[in-house]
Amino acid sequence: MKFAVFSSAAFVFVLFALMLLDILVRGGAELTPQYFTGAVSDGGRSGGIGPVVVSTLLVVLMATAFALPLAVAGALLCTELLVHRPASRQLVRRSFEILVSAPSVAVGLIGWSLFGQVFGFGFSLFSGAATLAFMLAPLMALAFLNGLEAVPQALRSQSLALGLTRWDTLVYLVLPAARPALVAGVMLAVGRALAETAVLVLTSGVTTRMPEDIFDPGATLAVHVYNLAHNVPGGESRAYAAAFALVVVNIGVQLLLTRWKPRLANQEATS
Amino acid sequence: MIHFKKLTVRGCGQMILRELELTLPDRGTAVLLGPSGCGKTTLLRSAIREDEDDPDLEVSGTIELNGVDLRAKFVSPLAVRQKIGLIPQRPVAFPGTTWDNVTFALKHTTRLSKQEIELRARAALEEVGLEEEVWKREADCLSGGQLKRVAIARAIALEPEVLLMDEPSNGLDPLAVVRLERLIVRLSEHRLVVLVTHDLHLTRRVANVVHFLWPFPDGCRVVESGAPEKILEVPARPETKLFVQAAWEGAAALYESDDELEDCEAEECMPRRMRLVHESNPRELLPEE
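So the sequence lines, in the order shown, correspond to chains D and E. The opening position of the first sequence corresponds to residue 1 in our numbering, with each subsequent residue numbered one higher. The opening position of the second sequence corresponds to residue 1 in our numbering, with each subsequent residue numbered one higher.
FYI, nobody ran anything at the bench for these hints, they're computed from the structure. Yeah, the Cβ is synthetic: ideal placement off N, Cα and C, and Gly gets one too. Keep in mind that a hint or two might mislead.
[Said to hold, decoys possible] Chain E stretches covered by chain D per the calculated footprint, using a threshold of three residues with CB under 8 Å from any CB of chain D:
#	region
1	28–34
2	86–100
3	121–133
4	152–165
[What the hints assert, rightly or not] Which residues of chain D face chain E? A few of them, derived with a C-beta cut under 7 Å, are:
#	residue
5	E80
6	H84
7	P86
8	A87
9	A150
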């Protein structure tokens with residue numbers, strides 16, 4: 001049993017290391033400090049990925065910021081307002097689960113019609129982030145919901161018994177207790193946002209110039225990798241270099257979020 | 001003085017308490033005794049209006065504290081919970097240290113200054129006998145007994161008029177129980193302490209008055225009240241006698257009580273659990289007991 005667990009874990013680790021090594025070997029020659037900051041030229045065959053990194057960070061930041069309040073509201077709806085209505089609560093949870101598995105191409109098309117055409121934002125980082133937020137919100141909401149449901153009911157009832165309001169109990173006890181799950185939800189969502197292509201090809205475009213504001217179009221790293229690999233002849237090694245940059249950015253963001261993740265407190269251990 | 005008048009509680013499709021009448025004094029220790037499932041905890045929860053957070057419970061009747069109906073619409077549940085403190089059977093550690101746990105409700109439910117909060121928290125922690133070294137320790141690292149005392153300190157820091165304790169000695173070692181008994185006696189000098197317990201030793205040592213509740217098929221009611229010496233040594237009602245004998249003498253006592261049960265409308269007054277014990281061989285049941 002122990003051997004099986006260790007070998008499975010080692011297999012996943014080796015697979016990840018091999019993937020990283022493969023990307024590094026194929027695209028390593030392109031990786032210079034200037035590559036991460038320089039402008040894209042010749043369709044990506046030369047120059048750097050500076051504007052793409054900026055677009056990526058803007059889209060991920062905006063999408064997370066748009067999705068976060070929706071996700072928190074959705075999770076709180078289930079755990080606080082529908083707490084005594086199991087049927088409604090189950091319906092909302094099922095809706096989140098269905099939305100999480102919605103095909104990203106379909107979401108991209110809907111986002112393009114809504115934000116690009118109806119609201120007139122066209123191909124822009126804003127359209128991309130707003131559409132992406134619809135994909136991230138249910139993902140985060142489910143993680144938050146699981147975290148909030150894991151907070152012992154006794155914590156709530158014993159706080160209420162001391163005369164605290166439901167709101168104070170939520171803000172001062174329940175949310176801090178669920179913080180590890182909330183951070184994990186944000187980490188999952190950021191990872192998903194960094195890796196997403198179909199939605200962003202259809203909404204924020206494939207332009208690689210430096211965006212002047214959030215209403216400019218701009219390709220994210222994942223879109224740039226896809227574009228170099230499929231649409232730019234001779235762009236393969238550059239695609240691998242950009243993929244490496246994507247992995248580095250992803251690991252960097254995840255590490256940053258992990259620093260805010262408090263230790264997991266075992267509330268029930270002593271109760 | 002707290003007065004339960006015609007308190008009726010329905011929950012999960014059954015009658016838990018039926019028109020319960022109970023009067024408790026201003027100070028001292030009142031113990032509620034009775035078989036498991038006879039609504040003692042529900043009674044405590046109703047007193048602080050916790051039933052309002054549980055849609056499965058329907059409560060009617062009144063609970064008066066010094067003449068004010070605590071269940072009246074104009075009285076907020078938060079105000080009730082500041083007058084009546086409840087120490088649950090299994091306290092949960094709030095995030096943070098012991099000190100954070102005790103100051104938590106003071107910070108969020110009162111308008112006391114920082115100095116006043118510190119004074120109250122210090123007094124509460126000293127009252128429950130927790131050493132200063134424990135005050136800085138993470139509450140989720142405390143032992144069961146220490147956590148119980150933290151829960152008591154959390155409640156008494158708010159200076160409630162009435163303190164309700166649900167099975168306080170449950171899971172504590174004998175020394176911890178003795179410390180708890182001393183604490184209960186001290187606390188009851190200035191306020192009413194209501195204990196729900198199955199621990200007759202604890203009852204005998206701390207109670208000023210004992211109320212015995214029994215689960216009749218149409219709901220639980222108080223069948224006998226009096227001084228602990230009377231209820232625990234010479235109970236008048238057969239139900240009380242059965243319960244007390246079972247506690248002192250074990251399962252064998254249930255056989256001896258057989259005749260007594262005949263006098264107490266046997267089929268109606270005997271809860272199912274006891275009937276099972278009565279009809280089975282006690283030797284088989286003893287290891288499980």
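Hint check:
1. Counting residues of the region 28–34 of chain E whose CB lies closer than 8 Å to any CB of chain D gives 0, so the stated coverage by that chain is violated, three being the minimum.
2. Residues of the region 86–100 of chain E with a Cβ under 8 Å from some Cβ of chain D number 8, which satisfies the need for three, so the listed coverage holds.
3. Remark: the region 121–133 of chain E is not confirmed as covered by chain D, as 0 of its residues place a Cβ nearer than 8 Å to a Cβ of that chain, below the required three.
4. Counting residues of the region 152–165 of chain E whose beta-carbon sits less than 8 Å from any beta-carbon of chain D gives 3, enough to reach three: the coverage restraint holds.
5. About 11 Å separates the beta-carbon of D:E80 from the nearest beta-carbon of chain E, more than 7 Å, and the hint is not met.
6. At its closest, the beta carbon of D:H84 sits 5 Å from a beta carbon of chain E; the interface hint therefore holds under the 7 Å criterion.
7. A distance limit of 7 Å between C-beta atoms decides the matter here; for D:P86 the minimum to chain E is near 11 Å, and the interface restraint is violated.
8. About 13 Å separates the beta-carbon of D:A87 from the nearest beta-carbon of chain E, more than 7 Å, and the hint is not met.
9. Contact between D:A150 and chain E, as hinted, is not supported at the beta carbon level, the nearest pair being about 13 Å apart and thus beyond 7 Å.
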